[in-house]
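Quick note, the sequences are listed as chains S and P, same order.
Heads up, the first sequence is in our numbering, so the first residue is 2 and it goes up one at a time.
Heads up, the second sequence is in our numbering, so the first residue is 7 and it goes up one at a time.
Treat each hint with caution, since some may be false.
[As the list claims (entries may be wrong)] Straight-line C-alpha distance at most 27 Å; calculated DSS-like pairs for lysine-lysine:
| id | chain 1 | residue 1 | chain 2 | residue 2 |
| --- | --- | --- | --- | --- |
| 1 | S | Lys172 | P | Lys57 |
| 2 | P | Lys28 | S | Lys157 |
| 3 | P | Lys30 | S | Lys172 |
| 4 | P | Lys55 | S | Lys72 |
| 5 | P | Lys55 | S | Lys134 |
| 6 | P | Lys81 | S | Lys77 |
| 7 | P | Lys64 | S | Lys89 |
| 8 | S | Lys91 | P | Lys64 |
| 9 | S | Lys90 | S | Lys77 |
| 10 | S | Lys157 | P | Lys57 |
| 11 | P | Lys57 | S | Lys180 |
| 12 | P | Lys64 | S | Lys57 |
| 13 | S | Lys180 | P | Lys64 |
| 14 | P | Lys38 | S | Lys172 |
| 15 | S | Lys67 | P | Lys81 |
| 16 | S | Lys72 | P | Lys57 |
| 17 | P | Lys10 | S | Lys180 |
| 18 | P | Lys57 | S | Lys77 |
| 19 | P | Lys11 | S | Lys172 |
| 20 | P | Lys64 | S | Lys72 |
| 21 | P | Lys28 | S | Lys134 |
| 22 | S | Lys134 | P | Lys57 |
| 23 | P | Lys11 | S | Lys180 |
| 24 | S | Lys16 | P | Lys81 |
| 25 | P | Lys10 | S | Lys134 |
| 26 | P | Lys81 | S | Lys89 |
| 27 | P | Lys11 | S | Lys134 |
| 28 | P | Lys55 | S | Lys172 |
| 29 | P | Lys33 | S | Lys172 |
| 30 | S | Lys5 | P | Lys81 |
| 31 | P | Lys8 | S | Lys172 |
| 32 | P | Lys64 | S | Lys172 |
| 33 | P | Lys10 | S | Lys172 |
| 34 | P | Lys64 | S | Lys134 |
[Stated by the list, open to error] A few chain P positions that, by computed beta-carbon distances, are all more than 10 Å from chain S:
| id | residue |
| --- | --- |
| 35 | Cys9 |
| 36 | Glu26 |
| 37 | Ala31 |
| 38 | Gln44 |
| 39 | Leu111 |
| 40 | Val116 |
Don't read these hints as lab results, they were simulated from the structure.
Virtual Cβ for every residue (Gly too), placed ideally from N, Cα, C.
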Amino acid sequence: MWMKNDDELVSEVLKGDQTSFELLLRPYRLGLLNMAYRMTGNREEAKEICQDALIKVYRYLHRYEKGKSFKSWVYKITMNSAYDFLRKKKKSEDIIESQKDLHFATSPNPEQQFLNREIGSKIESCLRNLSPKEKAVFLLRDGDGFSVEETSEILKCSSLSVRTHLSRARKKIRAQFDKVNLGFKKEVNSEV
Amino acid sequence: MKCKKIRHWLPLMVGLDLSEHKVKAVKSHLVKCTGCQQEYDAYVLSLEKTKEWLEEDKQNWEEREWQQAVQNAVKQKKPAISPFAPWPFTKTWAYSLMGVLAAALLFLFVIKPFNLREGIAPESEMFARTQAQLLRSAFQESPQEVVKMTMVLPETGQKIIWIFDKNFDLEVKK
Ligand SMILES: [Zn+2]
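Input sequences plus hints: build the corresponding full structure.
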């Protein structure tokens, strides 16, 4: 099957072909959902952020400059939606309270649920002390493999700022890591 | 190189997010320094593990959820290119509006007054008075200091005289 590239699909959508919109976004849907999920720590909220981002991507598609990375452009919009969401959420409630019952609502079987909870809470612990900017930089660079330059483009800041936040994020994660990893090993042993 | 400086670079070294010469410097230090090497290994391990966990804890869309989200997005009105669409189209719109406005202003305040002065009596009278004054003042100056231009309208016989000083500035004396 002949695969159209992003720019071709964008043209199709702008000409009025709505099915091309789904094809255009499909490759990025998991990346976007997980980026949003890590930013909020809640799957339902992550979906809400993605919904907002999809609406904006469709509405402002004509602003996308062809020849540039569509992926970066979509991530930029999603990151903005995530920041907007966090800002609104911070106003209305205490973030830390709401993050207590993360991950666990969606897993169907108990065994999987236990595993997910364990891994989920380990990551949560590692990312706990990161500021939103540090988290964003870390997730884009180390989670999604964007380059420092691409990350700076997505977050609309300098490469220097990206490096500074990345360095801080990795330091904090490294500091949390030993605690988390050790605790997890103990817990697993006691279960067995 | 001092360990303190090397350790400052280690968090970026794990992802090779340093300049080439810094990477070289760190590498050559790590070979000689066990303490920094251990520190570096700890960074590598924490990063690798965290990435692994991120991968394992990935969320997924249910197909139905995803399709619904896409439908909700395309339900809005078509992202058609209309003259009222946002940037860059409003920009073009705004620029053409500004152009029209500028042309209108130019016509009203620069071109039109000369035509108006021809037809409207009190104004042309005032104009004539100003001309006479200018002419008088021009004759008081030395001839090299001023330039005089005269235009005679064939229909009315009215004369229009421009007098400029040596800098080609229109001189108006009250
Ligand atoms: Zn050292």
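Hint by hint, here is what the structure shows:
no., hint, in the structure
1, Lys172(S) x Lys57(P), "holds (15 Å)"
2, Lys28(P) x Lys157(S), "holds (26 Å)"
3, Lys30(P) x Lys172(S), "holds (21 Å)"
4, Lys55(P) x Lys72(S), "holds (26 Å)"
5, Lys55(P) x Lys134(S), "holds (21 Å)"
6, Lys81(P) x Lys77(S), "holds (22 Å)"
7, Lys64(P) x Lys89(S), "holds (25 Å)"
8, Lys91(S) x Lys64(P), "holds (25 Å)"
9, Lys90(S) x Lys77(S), "holds (20 Å)"
10, Lys157(S) x Lys57(P), "holds (24 Å)"
11, Lys57(P) x Lys180(S), "holds (17 Å)"
12, Lys64(P) x Lys57(S), "holds (24 Å)"
13, Lys180(S) x Lys64(P), "holds (23 Å)"
14, Lys38(P) x Lys172(S), "holds (23 Å)"
15, Lys67(S) x Lys81(P), "holds (24 Å)"
16, Lys72(S) x Lys57(P), "holds (20 Å)"
17, Lys10(P) x Lys180(S), "holds (24 Å)"
18, Lys57(P) x Lys77(S), "holds (21 Å)"
19, Lys11(P) x Lys172(S), "holds (15 Å)"
20, Lys64(P) x Lys72(S), "holds (19 Å)"
21, Lys28(P) x Lys134(S), "holds (25 Å)"
22, Lys134(S) x Lys57(P), "holds (18 Å)"
23, Lys11(P) x Lys180(S), "holds (26 Å)"
24, Lys16(S) x Lys81(P), "holds (15 Å)"
25, Lys10(P) x Lys134(S), "holds (26 Å)"
26, Lys81(P) x Lys89(S), "holds (25 Å)"
27, Lys11(P) x Lys134(S), "holds (25 Å)"
28, Lys55(P) x Lys172(S), "holds (14 Å)"
29, Lys33(P) x Lys172(S), "holds (19 Å)"
30, Lys5(S) x Lys81(P), "holds (23 Å)"
31, Lys8(P) x Lys172(S), "holds (19 Å)"
32, Lys64(P) x Lys172(S), "holds (23 Å)"
33, Lys10(P) x Lys172(S), "holds (14 Å)"
34, Lys64(P) x Lys134(S), "holds (21 Å)"
35, Cys9, "holds (16 Å)"
36, Glu26, "holds (14 Å)"
37, Ala31, "holds (16 Å)"
38, Gln44, "holds (12 Å)"
39, Leu111, "holds (32 Å)"
40, Val116, "holds (38 Å)"
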